[in-house]
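Line order of the protein sequences matches chains A and B. Residue 29 in the working numbering sits at position 29 of the first sequence, with consecutive numbering throughout. Residue 197 in the working numbering sits at position 197 of the second sequence, with consecutive numbering throughout.
No lab work stands behind these hints, which were simulated from the structure alone. Quick caveat, the model's predicted, so the values are computed rather than measured. All C-beta atoms, glycine included, are put in the ideal place defined by N, C-alpha and C. Don't take every hint at face value.
Said to hold, decoys possible - Selected chain B positions facing chain A (Cβ under 8 Å, derived; list incomplete):
| hint | residue |
| --- | --- |
| 1 | Gly288 |
| 2 | Pro290 |
| 3 | Pro295 |
| 4 | Ser299 |
| 5 | Cys300 |
| 6 | Thr304 |
| 7 | Gln339 |
| 8 | Ile340 |
| 9 | Ile369 |
Stated by the list, open to error - Simulated restraints on C-beta separations:
| hint | chain 1 | residue 1 | chain 2 | residue 2 | range |
| --- | --- | --- | --- | --- | --- |
| 10 | B | Leu133 | A | Asp314 | 35 to 41 Å |
| 11 | A | Arg224 | B | Ser261 | 55 to 61 Å |
| 12 | A | Asp221 | B | Pro290 | 32 to 38 Å |
| 13 | B | Pro161 | A | Asp314 | 45 to 51 Å |
| 14 | A | Pro117 | B | Lys272 | 50 to 56 Å |
| 15 | B | Val68 | A | Asp314 | 37 to 43 Å |
| 16 | A | Arg243 | B | Ala243 | 37 to 43 Å |
| 17 | A | Gly116 | B | Pro290 | 29 to 35 Å |
| 18 | A | Asp239 | B | Ser261 | 35 to 41 Å |
| 19 | A | Asp314 | B | Glu255 | 23 to 29 Å |
| 20 | A | Arg224 | B | Glu255 | 54 to 60 Å |
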Amino acid sequence: MTRRGFTTLGFTFGAATVLGGCSGPQSVFDASGAEAQEIMPLFWTVTGIAVAVTVLVITVSAIAVFAPVHWRRHLTSEKFVVAFGIFLPVFVLSGLLTYGLLVMQAGSARSRSAEGPGVTIIGEQWWWRVIYDGPEGEEIVSANELRLPVGRPVAIRLQSDNVIHSFWAPQLGGKLDMIPGRTNTLTVEAIEPGISRAQCAEYCGGAHALMSMYVVAMEPDDYRQWLEAEVNPATKPADAVRREGQRLFIAHGCGGCHAVRGTPAAGTIGPDLTHVGSRHSLAAARLPNDPQSFRRWLTDNQHIKPDNFMPEYDVFSDSELDAIAAYLDGLE
Amino acid sequence: MAIFLPRRRAVALGAIMVIAGGLALGAVFVLSGAYNVAASVRHFDITNKLIKLTLRRSIDTHSAFVKVPDLQNADLVRLGARHFANGCQPCHAAPGSRQNPIVAGMYPSAPPLGVNADDWEQDELFWIVRHGLKFTGMPQWVGDGRDDEVWAVVAFLRELPGMSEQRYNELAGAAGSRSGFTLEVAGEELFAQCIACHGDDRTEPVSATVPSLDGQKQAYLRRALEEYALDMRQSGMMEPLAAALSREQIETLSERFARMSRRPLERTPAEKGRDSQRERGQHIAMKGIPRQSVPACASCHGQTSAATFPRLAGLSKAYLATQLRLYRQGTRGDSAYGQIMQSVARKLTDEQADDVATYLAGVSDLPSIEAPAPASTPR
Ligand SMILES: [Cu+2]
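Turn these sequences into a full structure, and let the hints guide you.
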């Protein structure tokens, strides 16, 4: 292949990689929330103007260096300097500022209209505690997945009880920090059902990069049904294997860190597992949610997610692992 | 024909020839095998003096930074004596017993410590017992990181010079009257060895640093003995004993201890601690410290916990505190089970570890965590 051929190939691959990052469940370009949709034109406008200014500056520099004398003389005229050095920047920057403020204003108008039940998300190391306002005002504790009804602005109260985290669900809207000791409220409105992804966007220690979760936008009726089921305590283990799984779970102290409502397990150190089987992922979107992953997580979690706060349980026999995995998988 | 060299050159050449000649002689001496390494052939007097001087200076210098803890504790002396009977007496002999002739044939032979221990300061004794002595047959302490155990032996060695046979047998218990390693006994006699240190459902352990085994879970006891034998758990006292046990012996002994009911507790006021301290300890044991990611101890050590997780209630404060320290500094925790406990212990502060050890040492049973009131309460 010629040298030129290599260059073309490299460019094509490079562009493909970059553009490939522009779609998918965690991409700002696939907006599925009202906030993100409003930000999008702002983004393109700013990008467009930035490109135009860059082209302008390069052109002027080229003129200054290469063009004939009478062209260059124009550049030194007072009129040119006033027009392009003062008026243009003032005009462009003020315009952008106004535009930005308007977009933000629209956001805050939606915040005011977010009257329905909200959600509290607490940043933990390195997972998310998610607490829904229940139908009767009760707290429904869950973890590592955010469900939202489509078509209603929802106030998300962001908190932390350890270090600073940042909640960012790119398809839904902008990001906002979770700061210890205060509550930051972010309002988001999903406009179509679907699954996207959120990521912690502020370095928060060892496993920060592995702190994500799925955001599931649902039709309002589906959401209501789901929330009603989420209030319930855990389903009783259905068969002997799962009952054995539950016994092992309690006997090995999992309940000291994890809550499974309706059982003696009431720990608050790790994620609530009452309905863990119905989530789309395990350990903050680190693993898929299936029995095999439960097994792997128990025996190898320090490798899968280095430094996380769960001890590794490399102490079970094969059949014991199967029983625990079946029990957890059955917690739907 | 005479060769004339300037004086300086002549001196240098001479020196080189002397050194080269020396090296060559040395090589011939070593490689020919002329030196007799037989233990039956004694060192020259001067060699002996030189070796002893080197030894003494080395021990003196290397023990310079050893800090001596408080050893005024009758318990420690007795525990030290019991280990001495198992691990040292076979070489060094003891009051009332003669050195085995085979051991006496070592060169240098193990000196009678009933005389020699007086020659050394406590820090020097510690250093010798902890590290052993090169080229002499004096072994190092086998439990890595277990300086605390070595001090029990030092506490005993201090009292050894001039000790009567009767006093020694009293201190060393069942093991005192034998010569040879404990490891060679079986059946009731073996069981008596264990009880001599650990006590049983009627007698208490020889020292607060030795755990009670009565009423401990069998699966845990079995695992503990296997881990000592495999050097996965560090103890200069237990490792040699466990390594000598057969599978069947481990099975019988662990079963026998597990079947006993745990002896009721007798605690000194110092062990009981202050009320406020016990309360803080109870909170940690029953509720944990969620802010520090410490789960309640009762969730893993309560009545209904797994058979492989140890029972804690009824162990002494000194033992509990020592084990927590060992987990925290990474000395204990090589096994998969130890890893779990290590990750919990590392999150405790010194003070919290002390509080919870105080509480646990005073309870006769640790209840399991109860089912809480419905979790989703209205706001
Ligand atoms: Cu983070």
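Okay, the hints, checked on the actual structure:
no.: 1; hint: Gly288; result: holds (6 Å)
no.: 2; hint: Pro290; result: holds (5 Å)
no.: 3; hint: Pro295; result: holds (3 Å)
no.: 4; hint: Ser299; result: holds (3 Å)
no.: 5; hint: Cys300; result: holds (3 Å)
no.: 6; hint: Thr304; result: holds (6 Å)
no.: 7; hint: Gln339; result: holds (6 Å)
no.: 8; hint: Ile340; result: holds (4 Å)
no.: 9; hint: Ile369; result: holds (5 Å)
no.: 10; hint: B:Leu133 <-> A:Asp314: 35 to 41 Å; result: holds (40 Å)
no.: 11; hint: A:Arg224 <-> B:Ser261: 55 to 61 Å; result: holds (56 Å)
no.: 12; hint: A:Asp221 <-> B:Pro290: 32 to 38 Å; result: holds (37 Å)
no.: 13; hint: B:Pro161 <-> A:Asp314: 45 to 51 Å; result: holds (50 Å)
no.: 14; hint: A:Pro117 <-> B:Lys272: 50 to 56 Å; result: holds (51 Å)
no.: 15; hint: B:Val68 <-> A:Asp314: 37 to 43 Å; result: holds (40 Å)
no.: 16; hint: A:Arg243 <-> B:Ala243: 37 to 43 Å; result: holds (40 Å)
no.: 17; hint: A:Gly116 <-> B:Pro290: 29 to 35 Å; result: holds (30 Å)
no.: 18; hint: A:Asp239 <-> B:Ser261: 35 to 41 Å; result: holds (37 Å)
no.: 19; hint: A:Asp314 <-> B:Glu255: 23 to 29 Å; result: holds (26 Å)
no.: 20; hint: A:Arg224 <-> B:Glu255: 54 to 60 Å; result: holds (58 Å)
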